[in-house]
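Number of protein chains: 2
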Amino acid sequence: MEATRTLAKFIVEHRYGDIPGEVRHEAARSILNWVGCAVGGSRHDTVERALAALSGFSGPREATVLGRGDRLDVMLAALMNGITSHTFDFDDTHLRTVIHPSGPVASAILALAERKPVPGEDFLHAFILGVEAECRIGNAVYPEHYDVGWHITGTAGVFGAAAAAGRLLDLNEQQMVWALGIAATQSSGLREMFGTMCKPFHPGNAARNGLLAALLAQRDFTSSGHSIEAKRGFANVLSTAFKPGEITVRLGETWEISLNTYKPFACGIVEHPIIDGCIQLRNEHQIEADDVESVALRVHPLVLELTGRRAPQAGLEGKFSVFHSAAVGLIHGAAGEAQYSDAVVRDARIMSLRDKVVAEVDRTVHEDQAHIAIRLKDGRTLEKFVEHAVGSIDRPMSDADLEAKFRGLAAGILTGTESGKLIGLCWDVAKLRDAGEVARASVPSGAARRRSRSRARA
Amino acid sequence: MEATRTLAKFIVEHRYGDIPGEVRHEAARSILNWVGCAVGGSRHDTVERALAALSGFSGPREATVLGRGDRLDVMLAALMNGITSHTFDFDDTHLRTVIHPSGPVASAILALAERKPVPGEDFLHAFILGVEAECRIGNAVYPEHYDVGWHITGTAGVFGAAAAAGRLLDLNEQQMVWALGIAATQSSGLREMFGTMCKPFHPGNAARNGLLAALLAQRDFTSSGHSIEAKRGFANVLSTAFKPGEITVRLGETWEISLNTYKPFACGIVEHPIIDGCIQLRNEHQIEADDVESVALRVHPLVLELTGRRAPQAGLEGKFSVFHSAAVGLIHGAAGEAQYSDAVVRDARIMSLRDKVVAEVDRTVHEDQAHIAIRLKDGRTLEKFVEHAVGSIDRPMSDADLEAKFRGLAAGILTGTESGKLIGLCWDVAKLRDAGEVARASVPSGAARRRSRSRARA
Chain A
1 MEATRTLAKF IVEHRYGDIP GEVRHEAARS ILNWVGCAVG GSRHDTVERA
51 LAALSGFSGP REATVLGRGD RLDVMLAALM NGITSHTFDF DDTHLRTVIH
101 PSGPVASAIL ALAERKPVPG EDFLHAFILG VEAECRIGNA VYPEHYDVGW
151 HITGTAGVFG AAAAAGRLLD LNEQQMVWAL GIAATQSSGL REMFGTMCKP
201 FHPGNAARNG LLAALLAQRD FTSSGHSIEA KRGFANVLST AFKPGEITVR
251 LGETWEISLN TYKPFACGIV EHPIIDGCIQ LRNEHQIEAD DVESVALRVH
301 PLVLELTGRR APQAGLEGKF SVFHSAAVGL IHGAAGEAQY SDAVVRDARI
351 MSLRDKVVAE VDRTVHEDQA HIAIRLKDGR TLEKFVEHAV GSIDRPMSDA
401 DLEAKFRGLA AGILTGTESG KLIGLCWDVA KLRDAGEVAR ASVPSGAARR
451 RSRSRARA
Chain B
1 MEATRTLAKF IVEHRYGDIP GEVRHEAARS ILNWVGCAVG GSRHDTVERA
51 LAALSGFSGP REATVLGRGD RLDVMLAALM NGITSHTFDF DDTHLRTVIH
101 PSGPVASAIL ALAERKPVPG EDFLHAFILG VEAECRIGNA VYPEHYDVGW
151 HITGTAGVFG AAAAAGRLLD LNEQQMVWAL GIAATQSSGL REMFGTMCKP
201 FHPGNAARNG LLAALLAQRD FTSSGHSIEA KRGFANVLST AFKPGEITVR
251 LGETWEISLN TYKPFACGIV EHPIIDGCIQ LRNEHQIEAD DVESVALRVH
301 PLVLELTGRR APQAGLEGKF SVFHSAAVGL IHGAAGEAQY SDAVVRDARI
351 MSLRDKVVAE VDRTVHEDQA HIAIRLKDGR TLEKFVEHAV GSIDRPMSDA
401 DLEAKFRGLA AGILTGTESG KLIGLCWDVA KLRDAGEVAR ASVPSGAARR
451 RSRSRARA
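Chains as they are written, first to last, in this note's numbering: chain A, 1 to 458; chain B, 1 to 458.
Take these hints with a grain of salt, some might be off.
[To be verified] Residues of chain B clear of chain A, computed beta-carbon distances all greater than 10 angstroms:
(1) Gly181
(2) Gly189
(3) Leu212
(4) Val344
[What the hints assert, rightly or not] Covered stretches of chain A (chain B as the covering partner; in silico rule of three or more C-beta atoms under 8 angstroms from a C-beta of chain B):
(5) 80-93
(6) 182-194
(7) 206-219
(8) 226-237
(9) 272-285
(10) 400-409
[Unchecked claim] Label-pair restraints from in silico Cβ distances:
(11) B:Pro20 - A:Asp342: 48 to 56 angstroms
(12) A:Gly252 - B:Ala404: 31 to 39 angstroms
(13) B:Arg96 - A:Glu48: 53 to 61 angstroms
(14) A:Gly56 - B:Arg96: 37 to 45 angstroms
(15) B:His388 - A:Val98: 17 to 25 angstroms
(16) B:Lys116 - A:Gln313: 55 to 63 angstroms
If you are wondering where the hints come from, they were derived from the structure by calculation, not from laboratory data.
Ideal placement from N, C-alpha and C gives every residue a C-beta, glycine not left out.
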């Protein structure tokens with residue numbers, strides 16, 4: 001039962017050509033979604049504070065903070081991009097483990113790719129392998145590990161970052177075993193931090209430390225040969241159950257990245273079927289807010305438990321109000337980060353419609369389902385039953401949906417032309433001669449100009 | 001039960017003048033011992049590999065790698081000094097928790113003191129407070145936390161580093177709460193790594209990450225307000241038992257640094273009473289190896305369980321042979337790192353005496369006791385019962401013992417004059433205008449010359 005070595009050997013020996021086309025495409029979708037989230041989060045206070053604290057300690061400024069003019073050494077850039085991409089909690093989800101898989105892995109290797117140019121194929125391959133390691137290790141300890149109190153995106157993410165970075169650094173099998181071990185002994189991140197800046201810190205820190213693990217292993221810095229499965233290894237110490245077969249069985253035959261999902265809406269997943277249905281009804285019937293008499297929702301019990309706030313006052317509170325979420329779905333036809341600003345939460349039209357929404361628990365409604373009945377002032381009632389919310393495995397966001405989400409996140413940071421170019425680079429990442437182009441194209445031209453002016457002065 | 005806030009408030013508000021003189025002296029002894037271990041370990045492969053991997057990523061090279069010419073940014077220097085000081089497993093021990101307390105704390109703040117000069121009093125104060133935080137948090141979860149499989153020097157050390165660095169950075173109470181939280185969510189280090197380079201990596205990584213926590217908190221990067229005691233906080237997630245009173249009761253009245261101990265011998269602590277007794281007999285009776293007919297030991301059961309190797313072949317194996325340890329005690333009158341080299345383990349005189357040693361388990365002998373009976377060829381038998389081994393709480397190493405240990409560790413790296421100067425700086429650390437002098441004085445003059453030559457060429 002050599003889970004660690006079996007996984008290391010797989011990561012080192014696997015060939016890109018053996019990955020099916022649809023798996024590669026899912027990986028590109030993940031990269032696109034990740035870049036959008038990172039650019040969108042790049043102006044948040046969380047990253048401003050982290051930059052203020054750490055920028056002065058940067059080594060060679062070889063890597064880009066996505067969406068900004070700042071450059072940092074690769075480990076600090078990995079930290080920042082992991083932070084920004086998870087700041088809105090709008091990044092991808094491996095539903096089986098609730099891991100947000102891209103943040104730790106992509107943040108580590110995109111920074112590394114700016115240090116030494118990496119062909120796009122190698123980059124995408126390392127990304128897929130890193131996500132595979134991360135999610136399989138997650139599968140092997142989920143849900144017990146999560147129930148103990150670990151934020152699995154941090155604890156499993158550091159393995160994914162180490163595996164992907166180690167692959168790009170051409171580690172041999174023994175070095176990869178060591179890299180996974182150095183990752184294991186840094187595995188950390190407490191669920192207690194949810195609701196603080198430390199939540200997005202976790203994928204960033206996983207990226208930073210996974211990179212460190214791979215760099216140390218490259219110089220033969222030793223660790224345990226059995227860091228995952230040993231009596232005092234990762235699984236036994238950080239979990240109450242361990243299924244090693246989840247790591248070793250059918251390696252290279254199934255791909256965890258294929259199970260990745262993307263959030264269409266910038267709020268908790270339980271609200272998604274309701275928003276989805278409201279947007280569909282709005283678009284099918286050209287509903288205007290003034291025409292609405294009342295909105296009746298029948299929902300899964302968790303919806304009111306988690307998002308039952310009747311009168312949110314601030315943007316963040318709006319995320320915990322299914323009434324607000326239904327209202328923005330009907331009026332804006334969207335529920336991106338913009339729909340959860342303070343201004344929108346306090347907008348008179350939104351508030352007025354919000355107060356017309358009632359919700360009732362229906363235990364026959366599943367978690368990704370909802371029933372919506374809109375009664376119009378003209379007496380008509382429009383109904384919609386959502387079987388599977390958009391963004392679920394059963395009804396994934398389309399490529400066009402992902403592009404629209406990207407543009408929404410980048411609005412106000414990148415111009416439309418810049419967004420379009422960056423979207424194109426993400427789709428074509430495997431064809432790039434230098435994957436680092438993705439990072440550099442995320443910098444708004446204004447920021448790039450400011451940077452080159454300050455270089456000229458120096 | 002606000003353990004986190006109570007501790008944070010204490011660290012922020014405590015006054016140096018309220019620390020008794022003997023506690024300050026114990027802290028200086030800890031610093032001296034730590035510097036000696038770091039200088040002694042500074043040529044080991046562990047740090048050579050880590051430097052080769054990471055030096056190219058260094059930010060501003062403001063801090064010293066103790067005992068070397070290399071300079072690194074403060075976080076990387078903290079990492080390296082934490083590694084070197086634990087490489088020989090010869091550093092200090094807080095016996096109640098088996099934490100090696102100085103490595104994480106001193107490595108963090110000595111590096112910080114080179115970034116911005118810190119008066120020696122403030123440095124020593126921060127050190128004492130950091131050790132207090134680290135060991136009290138350790139007390140609150142020991143032994144259950146250790147039994148789960150955590151290397152407590154890493155997991156508790158990150159708190160100590162954050163607390164001490166936070167104190168030097170003048171964090172306010174809320175920021176200190178956040179710093180402890182950012183530390184908590186990075187707490188890591190598996191006992192599975194024992195016997196690999198990751199063991200000394202743990203205190204280094206704790207220093208690096210504790211420093212990061214304090215720097216982020218200084219910029220109001222938020223974390224949980226209850227990171228230690230919360231349901232999903234450090235204690236409940238990383239341990240099966242939690243005694244919060246160990247953190248909050250009699251703060252400022254008792255001092256954990258007073259319970260610190262120092263190893264006189266570079267091997268497992270169970271062998272120490274035997275070596276101690278052999279050295280005493282040798283010195284009292286001027287025993288020559290050729291005069292010895294046989295050596296009979298009566299020892300605690302753990303001695304043979306852990307260190308029963310009859311015929312060690314390499315230096316490291318010698319550490320696990322009580323027979324070798326008794327032989328070097330009798331012939332060399334010492335058991336420092338030098339006595340566990342390959343050459344000494346294979347030395348004919350040592351091997352010959354080693355083969356004359358027999359050991360018998362005696363259940364009436366305590367763990368820090370041993371009985372030694374040496375039968376000489378002239379028919380005499382010399383006996384010694386060691387009540388408490390030197391280095392234990394009951395028979396601490398004297399200041400002179402610590403100086404001799406330091407000189408032994410620094411031999412071959414620093415000249416005698418350089419060692420003497422550095423020892424003096426450690427004793428007088430509280431009087432220094434700039435505590436960073438300790439770090440700079442640890443650089444051998446040859447290395448300093450080489451560095452200034454290469455600067456002149458640049």
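Status of the hints after comparison with the structure:
1. Gly181: violated (7 angstroms)
2. Gly189: At about 6 angstroms from chain A, Gly189 of chain B fails to clear the 10 angstroms cut-off, so the statement is violated.
3. Leu212: It is violated; Leu212 of chain B is separated from chain A by about 8 angstroms at its closest Cβ, not greater than 10 angstroms.
4. Val344: It holds; Val344 of chain B is separated from chain A by about 24 angstroms at its closest Cβ, greater than 10 angstroms.
5. 80-93: Answer violated; 0 residues pass the 8 angstroms Cβ test.
6. 182-194: Coverage by chain B holds for the stretch 182-194 of chain A (11 residues, Cβ < 8 angstroms).
7. 206-219: n = 5 at 8 angstroms, threshold three: holds.
8. 226-237: As far as the stretch 226-237 of chain A goes, the hint holds, because 9 residues have Cβ atoms under 8 angstroms from chain B.
9. 272-285: Coverage by chain B is violated here, the residue count being 0 at a Cβ distance below 8 angstroms.
10. 400-409: violated (count 0)
11. B:Pro20 - A:Asp342: 48 to 56 angstroms: holds (53 angstroms)
12. A:Gly252 - B:Ala404: 31 to 39 angstroms: This hint is violated: roughly 59 angstroms between Cβ atoms.
13. B:Arg96 - A:Glu48: 53 to 61 angstroms: violated (42 angstroms)
14. A:Gly56 - B:Arg96: 37 to 45 angstroms: At roughly 39 angstroms between Cβ atoms, Arg96 of chain B and Gly56 of chain A fall inside 37 to 45 angstroms, so the hint holds.
15. B:His388 - A:Val98: 17 to 25 angstroms: At 53 angstroms between Cβs, range violated.
16. B:Lys116 - A:Gln313: 55 to 63 angstroms: This hint is violated: roughly 42 angstroms between Cβ atoms.
In terms of the numbered hints stated before, the structure departs from hints 1, 2, 3, 5, 9, 10, 12, 13, 15, 16, listed from lowest to highest.
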